[in-house]
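J.: Mind docking chain H on chain F? Use the hints.
Going down the list, the protein sequences come from chains F and H. Reminder that position 90 of the first sequence reads as 90 in this note's numbering, one-by-one numbering, no gaps. Reminder that position 20 of the second sequence reads as 20 in this note's numbering, one-by-one numbering, no gaps.
No lab work stands behind these hints: they were computed from the structure. None of these values were measured; they are calculated from a predicted model. Hints should not be assumed to be uniformly reliable.
Unchecked claim - Lysine-lysine pairs mimicking DSS-like chemistry, simulated, CA-CA at most 30 Å apart:
id: 1; chain 1: F; residue 1: Lys50; chain 2: H; residue 2: Lys164
id: 2; chain 1: H; residue 1: Lys10; chain 2: H; residue 2: Lys27
id: 3; chain 1: H; residue 1: Lys294; chain 2: H; residue 2: Lys58
id: 4; chain 1: F; residue 1: Lys325; chain 2: F; residue 2: Lys287
id: 5; chain 1: F; residue 1: Lys180; chain 2: F; residue 2: Lys325
id: 6; chain 1: F; residue 1: Lys27; chain 2: H; residue 2: Lys136
id: 7; chain 1: H; residue 1: Lys58; chain 2: F; residue 2: Lys27
id: 8; chain 1: F; residue 1: Lys27; chain 2: H; residue 2: Lys164
id: 9; chain 1: H; residue 1: Lys164; chain 2: H; residue 2: Lys136
id: 10; chain 1: F; residue 1: Lys290; chain 2: F; residue 2: Lys180
Claimed, not checked - Not close to chain H: a few residues of chain F, all C-beta gaps over 12 Å, as computed:
id: 11; residue: Gly131
id: 12; residue: Gly186
id: 13; residue: Met309
The beta carbon of each residue, even a glycine, is placed where N, CA and C say it ideally should be.
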Amino acid sequence: MSTTTPTAQQNPTYSEAFQSGVREEMKRNEHIFILGTDLVERGGHFAQVKGIAQEFGQDRVKDSPISEAAMVAAGLGSAMYGCHPIIDLNFIDFSLGAMDEIVNQAAKIRFMFNRPVPIVIRATSGVALGGAHHCNSLESLFAHTAGLSVAVPSRAYDVKGLIKTALRTPDPVVFLMHKKLSGVRGEIGDENTLIPFGSANVVKAGKDAAIITYGYTTVTAQKAAQTLAEQGIDVEIIDLRTLYPLDTDTINETVQRFGRVVVADEAPMFGSITAEIAATASEANFKYLKGPIVRIGGARAPLSANPQMSEAAIPSVAGIVDAVKKVMSY
Amino acid sequence: MTTDKTWGKKILRDMLLIRNFEETADKLTLRGKVPGGMHNSSGQEAVAVGVMSALDPKDVIATTHRSHHHTIAKGMPVDIVMAELFTKATGCSGGRGASMHLADVENGHFGGNGIVGAGVGIAMGAAMGIKQMGHKKVAVGFVGDGGMNTGRTWEAVNMAVIYKLPFILIVDNNQYAVETFVERVTGGNDIAKRGAGFGLPSYTIDGQDVEEVHRYTKEARERALAGEGPSFINALTYRYYGHNVGEKGQYRTQEEIADWRSHRDPIDRFSAKLISEGALSQGEYEEMIASVAKEIEAAVDFAEKSPLPDVSTILDGVDSGLLGVRK
Chain F
1 MSTTTPTAQQ
11 NPTYSEAFQS
21 GVREEMKRNE
31 HIFILGTDLV
41 ERGGHFAQVK
51 GIAQEFGQDR
61 VKDSPISEAA
71 MVAAGLGSAM
81 YGCHPIIDLN
91 FIDFSLGAMD
101 EIVNQAAKIR
111 FMFNRPVPIV
121 IRATSGVALG
131 GAHHCNSLES
141 LFAHTAGLSV
151 AVPSRAYDVK
161 GLIKTALRTP
171 DPVVFLMHKK
181 LSGVRGEIGD
191 ENTLIPFGSA
201 NVVKAGKDAA
211 IITYGYTTVT
221 AQKAAQTLAE
231 QGIDVEIIDL
241 RTLYPLDTDT
251 INETVQRFGR
261 VVVADEAPMF
271 GSITAEIAAT
281 ASEANFKYLK
291 GPIVRIGGAR
301 APLSANPQMS
311 EAAIPSVAGI
321 VDAVKKVMSY
Chain H
1 MTTDKTWGKK
11 ILRDMLLIRN
21 FEETADKLTL
31 RGKVPGGMHN
41 SSGQEAVAVG
51 VMSALDPKDV
61 IATTHRSHHH
71 TIAKGMPVDI
81 VMAELFTKAT
91 GCSGGRGASM
101 HLADVENGHF
111 GGNGIVGAGV
121 GIAMGAAMGI
131 KQMGHKKVAV
141 GFVGDGGMNT
151 GRTWEAVNMA
161 VIYKLPFILI
171 VDNNQYAVET
181 FVERVTGGND
191 IAKRGAGFGL
201 PSYTIDGQDV
211 EEVHRYTKEA
221 RERALAGEGP
231 SFINALTYRY
241 YGHNVGEKGQ
251 YRTQEEIADW
261 RSHRDPIDRF
271 SAKLISEGAL
281 SQGEYEEMIA
291 SVAKEIEAAV
301 DFAEKSPLPD
311 VSTILDGVDS
321 GLLGVRK
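One chain only, chain F, in its complex shape (with noise of 0.2 Å):
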């Protein structure tokens, strides 16, 4: 992952993918707007949409009011009427200030009254600088509720291939895009490239055991497996891409094929995604398991300001290098 390629300053970033996948797909559906703070001038905090406006204008790209349960409303009311709006949330902890628009509202719509709901919700999530009201990690909560589906993607290439299948795909998507990886540049793919939710990607190939992941813990993993590899020790690292729908082949192929799996993620483990992946994936999978599936995941501690604190609360590279030295115990 730390090769540098002479194309690789042509690349796009993260953030610019997005802004890639979804203006092809605003040229391909004229009901997609997008609704969020700072979003004409600024382009988003994070450049995400960045150029948008002033190419389709202010009736496709509206700046919002600080009013996330409005804003999320009004993309509710929208996709029920037939637009495709993106609710750009900025820092998915402000989504809570929408918990009832998302989880009572947008998820259940269809199940009760038969009708789409095609909007995504998109945010900044994972934990960085910015202390405790700009670091959740709250995708757990978003895959436990029916109705929603969750992507996280960790690099440029599965942030347009995502929002592209997001964009054609009439249901509510919580679109989580890690802030530390805003900048990060990387291939993408053409307007023909879509990928599928429930669709994980193996960012690593290796013969010893397995981590299991997305977001930025994909990148710890990479560190975490050079140092393995110097000791010996070959991982595959599987990078989940969507949380709901969940890539549960790939994950029982994985348990199947080693025997010895790590699962990892940033958000607190209790009660977490990788909670649910450990225990669906253990009780499907406990003859070939050599040992239990092993759990490395955030503090189940609000975030710290301080730096070194943030950091201590998350899986660190020697954290991961142990876990699977854990499994490699077995």
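T.: Just chain H, lined up with the frame of chain F:
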């Protein structure tokens, strides 16, 4: 002003239909026929019928936990409404919604709601959709006086104002948030003033006068279609029954209820007006009452005889399935 005879009879019949539906459904709820119970709207008919008669059938509404009257006034057949209350497969939501989740999105009914104030936001969103698509329609959000004290209502009102959306907010103000009198919990105690503070035309009107409700809604609709943005209408009304069926109701006096029933009943007032203007004879009125009763009887029969939903479908329709899984 004299009421048009044909229009007046239709309005009166709609209100009678709602009243009979509610009183019948209330009794059926006490007999255990309505899973989860219901919220009776008896007394509030003029708000529902007054608003809906001023709308085009293709206009959008989104409403509250107390929405039978809005739903029937919007035109949903009473047998389908009753079947939904019974949670039967033939109900508008296939039995998945019951009393609080009546909807017919295809025909502009974006749903009742179990969450106070949520219908306001959904209707505001529908209005945004209408504007995005350049359609000539309006969206109406209903909310109760209880919903005047939840933040989401005002977020939605503000958004409707700043984007000049074709949106009308109707406060179906029956004066009690469950058991709490509106004045006890509403700072400033002037709901229309709150609306006006957001910069939209705001009115407090007599919600027991069906023609007044109709007139204000019609004007609000015309402003919206002319691109002038949203309006706010606080319609004062009263519910004769408890918040939910079976409620004891110690929080208000029997005298208060009797006073509203005997002096301000929307059906009595409007039928008296039609009769005094010669638009309706006593005989015709009695026939109308009988025909409404027959229609509700048939609705109950339909609901009773309808099949229950198939429990093996509990996972159907959670999502489209189109996002797909690997392979």
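J.: Please go over all the hints and tell whether each is borne out by the structure.
T.: These are the hints, each one checked on the structure:
| no. | hint | verdict |
| --- | --- | --- |
| 1 | F:Lys50 - H:Lys164 | 25 Å, holds |
| 2 | H:Lys10 - H:Lys27 | 26 Å, holds |
| 3 | H:Lys294 - H:Lys58 | 28 Å, holds |
| 4 | F:Lys325 - F:Lys287 | 21 Å, holds |
| 5 | F:Lys180 - F:Lys325 | 27 Å, holds |
| 6 | F:Lys27 - H:Lys136 | 24 Å, holds |
| 7 | H:Lys58 - F:Lys27 | 29 Å, holds |
| 8 | F:Lys27 - H:Lys164 | 26 Å, holds |
| 9 | H:Lys164 - H:Lys136 | 14 Å, holds |
| 10 | F:Lys290 - F:Lys180 | 35 Å, violated |
| 11 | Gly131 | 24 Å, holds |
| 12 | Gly186 | 22 Å, holds |
| 13 | Met309 | 33 Å, holds |
When held up to the earlier numbered hints, the structure conflicts with hint 10 and nothing else.
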